[in-house]
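Chains as they are written, first to last, in my numbering: chain A, 1 to 405; chain B, 1 to 160; chain C, 1 to 156; chain D, 1 to 369.
Mixed in with the good hints there might be a few duds.
[To be verified] Here are the simulated lysine-lysine pairs, DSSO-like style, with alpha carbons at most 30 Å apart:
1) K186(D) to K153(B)
2) K83(B) to K283(D)
3) K171(A) to K171(D)
4) K186(D) to K9(C)
5) K346(D) to K83(B)
6) K145(A) to K250(D)
7) K95(B) to K283(D)
[Unchecked claim] To spell it out: a stretch of chain D is covered by chain C in this simulated footprint if at least three of its residues, at any positions, have a beta carbon under 8 Å from a beta carbon of chain C; those stretches are:
8) 59-73
9) 197-208
10) 346-352
[As the list claims (entries may be wrong)] Chain A residues, not near chain D, derived (Cβ > 10 Å throughout):
11) D56
12) G70
13) R95
14) A192
15) E207
16) S247
17) K254
18) D258
19) G351
Since the hints were derived computationally from the structure, they do not count as laboratory data.
Quick reminder that beta carbons are idealized off the backbone N, C-alpha and C, glycines included.
Spelled out, the chains give:
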Amino acid sequence: MTQTATPPQTLKPSAEGEGWKARPIKLKIFGNLIAEVVHKGICMYCGACIASCPIDILFHSENEEPIMRGTCAACQVCYYSCPRIELPVAEIERRVFGRERTSEETILGIHLGSYSVRAKDPEILKNAQDGGAVSALMLYALDQKIIDYALVSGFTSLQPWKPGPMVARTKQELVENAGSQYTPGGQVGGLAEIAVPNRSVVDFQEERMALVGLPCELQGFWRMNSHWIAAPKIGRNLVFTIGLFCSKVFDYQKMMVDYVQGERGIDLRTVTKVNIKKNRMLIYTGDRLAIDEPVEVIAHAAREECNICVDYSAELADIAVGAIGSASGWSTVLTRTPRGEDILNGAVDAGYIEMKRLDPLGKGMKFLETLCERKRLRDPSAYIRHNSAFPRPEPKLMPLQVPTK
Amino acid sequence: MSLAHEREDSLVKTLKESFPSDIKEATVVRRSRINLVVAPDKIADIAVFLRDKLGYDHPSGVSAVDYNREGRFEIVYHLSSIKTRDQQDIVINLKESVPRNSPKAVSLVSVWPGVENYERESIEMFGIQFEGHPRPEKLFLNDNWDGPPPMRKEVRFPTD
Amino acid sequence: MAPIVGKFKAAVNSWVAYSAGLRHLFHKPYTLRFPEQRYAVEAGFRGRHLLHLDRCTGCGICAWICPEKCITIVQRGDRWFPQYFYGRCCFCHFCTDYCPEFALEETVEYDIAEYTRELLVWSPERLAKPPAKKDNKYVFSVNGSRGASQVPEQGH
Amino acid sequence: MQAMSPTEPGAQTMTLSVGPQHSGSGHMRLIVELDGDIIVSAMPDPGYVHRGIEKIIELRNIIRSIPVIERPSIIDASNLNHAWVKAIEELQGVEPPARGQYLRCLINEMNRIMSHLYWLSIYGVFLGHTTMFMWPLGDRELFIDLAESLTGARITYSYLVPGGVRRDLPKGFAEEAIKRTKYFEKRLDEYENIFFKNPLFTSRAKGIGILTRERAIALGSTGPTLRGSGIDRDLRKDEPYAAYGELDFKVHTRPGGDSYSRAMVHMDEMRESSQLIRQILEKLPSGPVRRKAPIVVPRGETYARVESARGECSFYMIGEGGDKPYRARYITGSYRNLAAIPEVLKGVRLADMPTSWWSIDYWPVEADR
Chain A
1 MTQTATPPQT LKPSAEGEGW KARPIKLKIF GNLIAEVVHK GICMYCGACI
51 ASCPIDILFH SENEEPIMRG TCAACQVCYY SCPRIELPVA EIERRVFGRE
101 RTSEETILGI HLGSYSVRAK DPEILKNAQD GGAVSALMLY ALDQKIIDYA
151 LVSGFTSLQP WKPGPMVART KQELVENAGS QYTPGGQVGG LAEIAVPNRS
201 VVDFQEERMA LVGLPCELQG FWRMNSHWIA APKIGRNLVF TIGLFCSKVF
251 DYQKMMVDYV QGERGIDLRT VTKVNIKKNR MLIYTGDRLA IDEPVEVIAH
301 AAREECNICV DYSAELADIA VGAIGSASGW STVLTRTPRG EDILNGAVDA
351 GYIEMKRLDP LGKGMKFLET LCERKRLRDP SAYIRHNSAF PRPEPKLMPL
401 QVPTK
Chain B
1 MSLAHEREDS LVKTLKESFP SDIKEATVVR RSRINLVVAP DKIADIAVFL
51 RDKLGYDHPS GVSAVDYNRE GRFEIVYHLS SIKTRDQQDI VINLKESVPR
101 NSPKAVSLVS VWPGVENYER ESIEMFGIQF EGHPRPEKLF LNDNWDGPPP
151 MRKEVRFPTD
Chain C
1 MAPIVGKFKA AVNSWVAYSA GLRHLFHKPY TLRFPEQRYA VEAGFRGRHL
51 LHLDRCTGCG ICAWICPEKC ITIVQRGDRW FPQYFYGRCC FCHFCTDYCP
101 EFALEETVEY DIAEYTRELL VWSPERLAKP PAKKDNKYVF SVNGSRGASQ
151 VPEQGH
Chain D
1 MQAMSPTEPG AQTMTLSVGP QHSGSGHMRL IVELDGDIIV SAMPDPGYVH
51 RGIEKIIELR NIIRSIPVIE RPSIIDASNL NHAWVKAIEE LQGVEPPARG
101 QYLRCLINEM NRIMSHLYWL SIYGVFLGHT TMFMWPLGDR ELFIDLAESL
151 TGARITYSYL VPGGVRRDLP KGFAEEAIKR TKYFEKRLDE YENIFFKNPL
201 FTSRAKGIGI LTRERAIALG STGPTLRGSG IDRDLRKDEP YAAYGELDFK
251 VHTRPGGDSY SRAMVHMDEM RESSQLIRQI LEKLPSGPVR RKAPIVVPRG
301 ETYARVESAR GECSFYMIGE GGDKPYRARY ITGSYRNLAA IPEVLKGVRL
351 ADMPTSWWSI DYWPVEADR
């Protein structure tokens, strides 16, 4: 009964992506995602699948993996939004930075400048992890109306110190959620969980957003936005991202609940700050240092999903922030895109942060590079079917030429 | 689930005291919602008690639910009150279960005239007989409908 | 005494009624003669769907969510596209909302009547054609004193 | 002028079948027993537009059911939609963001005005007052145009989904809405001049179709029918939902209990709603309009109700965890006012039947579901 027109010969290949692929008879649905990623122990709970599901049936769960409530519509979007299935870094970099990375940038990734930054606002400094750079930059962007809200990692659920995506619109909310948590929180999942952009196409007042996330979460975000089957609709109101330096993440149950609260008997509600620095774990309650032990104590709690991640310094972020490479109380900031550079300089001119340039050949940056290199040597190919195509340094390191500005 | 439930709890207490044996279960389900499961034979005088003593004089509807796995119909009278000002938002779900094979229930049209139409709909949609109902004929279905009561679970339509 | 006052009040009221009606004798009517004068709907109007063939991945979410099940996924070469049957569509546009790819969009085209039911089946290629530009549009506008009327669109 | 008292029983009466025809809004039949010109008893015979919506809901998931539950009264679509969405959210425990709540109240109030305007135009044409048929339908365009720019559709919006609303406010909506509501209130005064003060109407409505306060309560009638008998019962005040808790408005009642007071309650509510629209647009908070809610009906039961244009519209929903409700009992405003029709038509002259019957705003499609 239906008039089937002759199939069009010249269908334009998609803007990005590999062009045409026959529709596989075997669709890759959420079940495949569970089998190939979660049960294989390589799901780092970034939340990209949770955000990308068009019918919103994927959710955060207690044991840090995505769960499905309801009936799946077999649309393959979650499968192709997962960075652990396949991560074409070269293509993502072309999309984020406009160019691929050159050979000198194999380790630290594309970056325009490296600075040491500290927030000027005492209230932010009090709650901040090191220099309070993330909260200060977000506050600057909120005040200058660059963004309407920031999606930060805060304390959402009832369990104390269990991180989750939080929408921050005011300084008070930013300060409340400042400080790093060393357990996974499914940050990108917050894009659909809380900050739900209205999905219809007509451009009503779209709320501009900034995203703070770990390197794996940014990989998830950009994977979701680059593959042609994945969901480009979710991140379209994003202005800039802030990535955090990250060596590995710990399991909430094993680290916080069993060790800190169980063995050490510290009530998690009283813990105000958790810091892992120079291979020592420092846990503060109030401003008293409650625990100061070597990291090996909670080595058993480290998530083995992180053993295959090779991105230490958030190479896909606009601004990468971390503690390594700066004096204590200061944050190291690498600006990777012109937009990141403008925001940083704007924050300095507006008096939100104070900034010192970090000499690329100085001791701090050297230490940062060695950490990145050590993380780069983790071998992801054993786990991921397609190699994650992070460029690998040549065996022996050539001396770096000073990048001419 | 939220806030304080004193009004609802006090209502449940008075009901439990006045009908200790007949009320099988009286629970506060949600804010301003009370479930009251009673024995089918005692529902008439509980209804009169609700209307006169507690002031629940405004029927909001009657629902019939077919629990075919448990082999019973459940008839729910939704009652709200206009006489008592402070209980305007409370709804009491007066429930009674009748066996599925011989669904007979007592009609409460004498207590609340408003439930007449809802009971007629339950008669035609589920096949429940209400004794003492003034006009137990079909309400919506036309007269020559001889098929099974359509809202029962075993009546399957081709799902679209 | 009361009936006389009542009669007098009734006379006054009915005169008030007639004068209220007469005052509107010279106002412009709201009605538009459809094909010549066309009602200008705004950008977000939920009219006929527009399918972007290059973005559509053939995932079938639109067919899954459609309340009237009027979308079937048809094959074109080695790709799959939705095909709409506008005889059943209720224009709720859940399909454009739930499409993960921006592949479906609303258009302002609402006159899609046909003579035969077969023509109501819109193949993907026909859906991909953007709506034709139509002029003689009228906008419903309210200016306080003069009242509401349909004025020609200024082509904003 | 009090209506004639019904004659003593056993007198020779004639039964007349009024209908089944499109009585202004859907087919319905009234079997009327006449003694001369006076109606002795009237028995409504609904069911001509029964589509079995409660059965359809059990077969579709909750998103696909939204256009179905709006069909009983398409001119009051968003209030019915709100009852459905409120029932699901109570089961899921999801709370839409503040801006979403305010936008829900905005579209509800616009829908209430549109529904009352449509009622008023049918009321006019029932009495042969064709101007009163043209004006409200024309002025309804004011709000249909606004709703179209807000939701994209003119009448059946499907704008509310579990977790919030589907779109945000377009630019320039607020100024246009304030201008139109002010103009609309001037038009309401003109309606009163031409229709409600007109003796042609008042003589046929005052004292006709009395629904006393006790009978109104006992019959479970609701909405303007209840408020026309002097009972200030309005769910937006008694059980504030969405953003009605933060809005201040008055519940209008008329003590008379006759057709005239029921009609005037509709008119007062229209003024109140247009003032509410302006108030909502002032107090509109910023933020997202929608929270993520699963397409799931969790295990449990709830009785959620909303004040629609014709009265309380309620869902008694039982969920068992799938994406379809196990049972969704759907009781609408007109279905509850069905019992009041015989009461209102008793002792009324046949010529006055339309005024007293239509003042209840009985919508056969909404009653039959």
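A quick look at each hint next to the structure:
1. K186(D) to K153(B): violated (53 Å)
2. K83(B) to K283(D): Violated, at roughly 34 Å.
3. K171(A) to K171(D): Answer holds: K171(A) to K171(D) is near 28 Å, not above 30 Å.
4. K186(D) to K9(C): Given that 30 Å is the threshold and the Cα spacing comes to 23 Å, the pair holds.
5. K346(D) to K83(B): Within the cut-off at roughly 26 Å; holds.
6. K145(A) to K250(D): Violated, because 39 Å separates the two Cα atoms, which is more than 30 Å.
7. K95(B) to K283(D): Since the Cα atoms of K95(B) and K283(D) sit roughly 42 Å apart, the hinted pair is violated (cutoff 30 Å).
8. 59-73: This one holds; 7 residues, not fewer than the three required, reach chain C with a Cβ under 8 Å.
9. 197-208: Satisfied; 6 residues make the cut.
10. 346-352: violated (count 0)
11. D56: violated (5 Å)
12. G70: violated (5 Å)
13. R95: Given a closest Cβ separation of 26 Å, the condition holds.
14. A192: violated (5 Å)
15. E207: violated (7 Å)
16. S247: holds (32 Å)
17. K254: At about 29 Å from chain D, K254(A) clears the 10 Å cut-off, so the statement holds.
18. D258: holds (29 Å)
19. G351: Consistent with the label, G351(A) stays out of reach of chain D, its closest Cβ about 26 Å off (over 10 Å).
When each numbered hint is compared with the structure, violations occur for hints 1, 2, 6, 7, 10, 11, 12, 14, 15.
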